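For this one, chain W is given, so just place chain E on it according to the hints.
For the record, the sequence lines run as chains W and E. Sequential numbering of the first sequence, starting at 1, is according to my numbering. Sequential numbering of the second sequence, starting at 1, is according to my numbering.
Hints are computed from structural coordinates only; laboratory data are not their basis. Just so we're clear, the structure is a prediction, and the values are computed from it rather than from any experiment. Note that the Cβ used here is the ideal one computed from N, Cα and C, for glycine as well. Keep in mind that the hints are not guaranteed to be accurate.
[Claimed, not checked] If we take Cβ atoms under 8 Å as the criterion, some of the chain E residues that face chain W in the derived model are:
| id | residue |
| --- | --- |
| 1 | Ser-171 |
| 2 | Ser-177 |
| 3 | Gly-179 |
| 4 | Ala-182 |
| 5 | Leu-184 |
| 6 | Ser-185 |
| 7 | Leu-188 |
| 8 | Gln-208 |
| 9 | Ala-212 |
[What the hints assert, rightly or not] Cβ-to-Cβ under 7 Å is the rule here; a few derived chain E residues that face chain W:
| id | residue |
| --- | --- |
| 10 | Ile-160 |
| 11 | Ser-168 |
| 12 | Gly-170 |
| 13 | Gln-174 |
| 14 | Leu-180 |
| 15 | Gly-181 |
| 16 | Glu-211 |
| 17 | Ala-215 |
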Amino acid sequence: MTSAAPREIFGSTLVELGHKYPDIVVVGGDLNKSTFANLFGYEFPDRFFDLGPAEQNMMSIAAGLASSGKTVFASTFAVFATGRPYDQIRVGISQPHLNVKIVATHAGIMTGEDGVSAQGIEDLSLMCALPGFTVIVPSDAPETVLAVKAAAETYGPFYIRLGRPSIPIIHDQNYQFQIGKAEVIKDGSDASIIACGIMVKAAMDAAETLSKDGIHCRVINMATLQPADVDAITSAAKDTKAIVTAEEHLRHGGLNSIVAQTVTETYPVPIESVSLTGYAESGKPAALIEKYGLTSKAIVESVTKVIKRKK
Amino acid sequence: MQPRIFRINTSNKIEYTCGQSLICTVIIPLLKEVSTLVNEKDSTATSSGSPFPNVSISVSDMTSRAIDIRMDILNMIAEGGSGHPGGSLSAVELLSALYFKTMRHDPNDPKWEYRDKFILSKAHACPVLYAHLAHCGYFPIEELLTFRKIDSRIQGHSHIKTPGVEMSGGSLGQGLSFGLGAALSARLDTNQTRVYVLLGDGECDEGQIWEAAMAATHYKADNLVAIVDRNRIQNDNWTKDVMNLEPLPDKWKAFGWNTVEIDGHNFSDILNALGTAEKVKGQPTAIIASTTKGKGVSFMENNPDFHGKAPNPEQLDQALTELENTR
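Looking at chain W on its own, in the form it has when it is part of the complex (with noise of 0.2 Å):
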């Protein structure tokens, strides 16, 4: 299976919007070589600044160049793209509803040797929390171009979540993405696994292992977990009677938290999540995956799990 880096392709995403319209423009914060946004950059560089390390002026900036009328793509790591200027965000972009575009790469623990400080795994929690911002988890490169060109072609804040690693590709070129709108990979009648970002493939996977044993599941893509797709999250519970999520993020406030509150309001079922408790470390990333349990195997155990919980 190939795979390929969404922060790679999310960069050449980037150039070839710019031609298309004249209006983005890109801020970055002195780490666009790894977000790729520097090929923005070397493309146009009158619509392109670098901040420097200062995030909070960089996402003001970003706010003042959208309330001008330009769609602004603001890019960094996850870590500096949410927590460090959070109120900017908040009080600057998500309060007056401004067309700023975050695109966060180097999200989740898969960001590896850099530890604890630059493993954004609060992300999800931080953006969701935001009223009227877009939040989307891609799942693979294919995805990542199709959500990086819904969002500059769509009005109002997004968040876009990148990691940093090369990832397998699960989708080919007649991959329908929309906008709130869940997919469903594989249908199946004994529980749904819903996962987003790298976790997909995962999901993908334990069915694959599952099946042998006569356990058949829906997987669905959850790429955008805000606005979520209640009806796809109703359904699997309806269909299903047992949910696992999957998300390499906290528990609290991600994918879990979403898909919980919305069958709690329209069709209780159990629920099972892979996902992170707490802080990780440094390592290489293979390794965390397997230590903190993002991994195929801990869906199969919690699919296994939730469908003994089922009444």
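Same frame as chain W, now just chain E:
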């Protein structure tokens, strides 16, 4: 394996490929379509016409109107039951000089593309902004009495939903960055918009102010003016006691700003400084405006207690009488 990306120049499709397999495609227009778009935009850049700045308003007119505006500020804060009179009263002449005599803006078209922009970074002083917007005609003066009340268009801290308000504020330190963003955008659009940001002196405690100060000179934003309302008092106490700012002008100079010090209650001082700023090329201008907190009301002047406290009915009467007696 990393994807390799091919641009097909003869069509409008970008193909993202990896090895032999096509990952996805992105559609873009041909470059000539883009240049047509840009030209269309430039051709509209000559349309204009705005009622402000108003050449027929004299300094004595503004002096007289400043009394009305101070009364409006006090009335709206008293009616609202809370608010920030001290730093509103200190900035009256600064805003009058901008809104009546300097900025190109149109109350009938608040979003006019080529307008100059005023950014109230010290958004707690929004009564002085609302009063000026009302006096310019953005909304009725009577609406000022809805300040801080439910269903009002004029919020407790200035918010972009109010006609004429450029930025949502309320968290200090963000306005200079926002103003820089607006200034950079204007430069990209090659329009003549100038951006004026009013900062509190206590607000200069915020680190983000200095991030923006550094970035503005880096990007040579000569269409950006920062005005520091140097009233020497912040929420808790005098600025020298809470967090010493001096030498404040030297700090702005050290960050590369064209820095001028003026009397912030003297119209000719203010107008001269704003006029000079327009001629400075290649660097932004900082105007350190020395002002009196609570200006015009004896018991509010230089009194930290009236940074963020509404006058009671007796105090309001006394304040309005004092102001009336200055006519």
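Structure-based check of each hint:
no.: 1; hint: Ser-171; in the structure: 5 Å, holds
no.: 2; hint: Ser-177; in the structure: 3 Å, holds
no.: 3; hint: Gly-179; in the structure: 6 Å, holds
no.: 4; hint: Ala-182; in the structure: 4 Å, holds
no.: 5; hint: Leu-184; in the structure: 6 Å, holds
no.: 6; hint: Ser-185; in the structure: 3 Å, holds
no.: 7; hint: Leu-188; in the structure: 7 Å, holds
no.: 8; hint: Gln-208; in the structure: 5 Å, holds
no.: 9; hint: Ala-212; in the structure: 5 Å, holds
no.: 10; hint: Ile-160; in the structure: 4 Å, holds
no.: 11; hint: Ser-168; in the structure: 4 Å, holds
no.: 12; hint: Gly-170; in the structure: 6 Å, holds
no.: 13; hint: Gln-174; in the structure: 5 Å, holds
no.: 14; hint: Leu-180; in the structure: 6 Å, holds
no.: 15; hint: Gly-181; in the structure: 2 Å, holds
no.: 16; hint: Glu-211; in the structure: 4 Å, holds
no.: 17; hint: Ala-215; in the structure: 6 Å, holds
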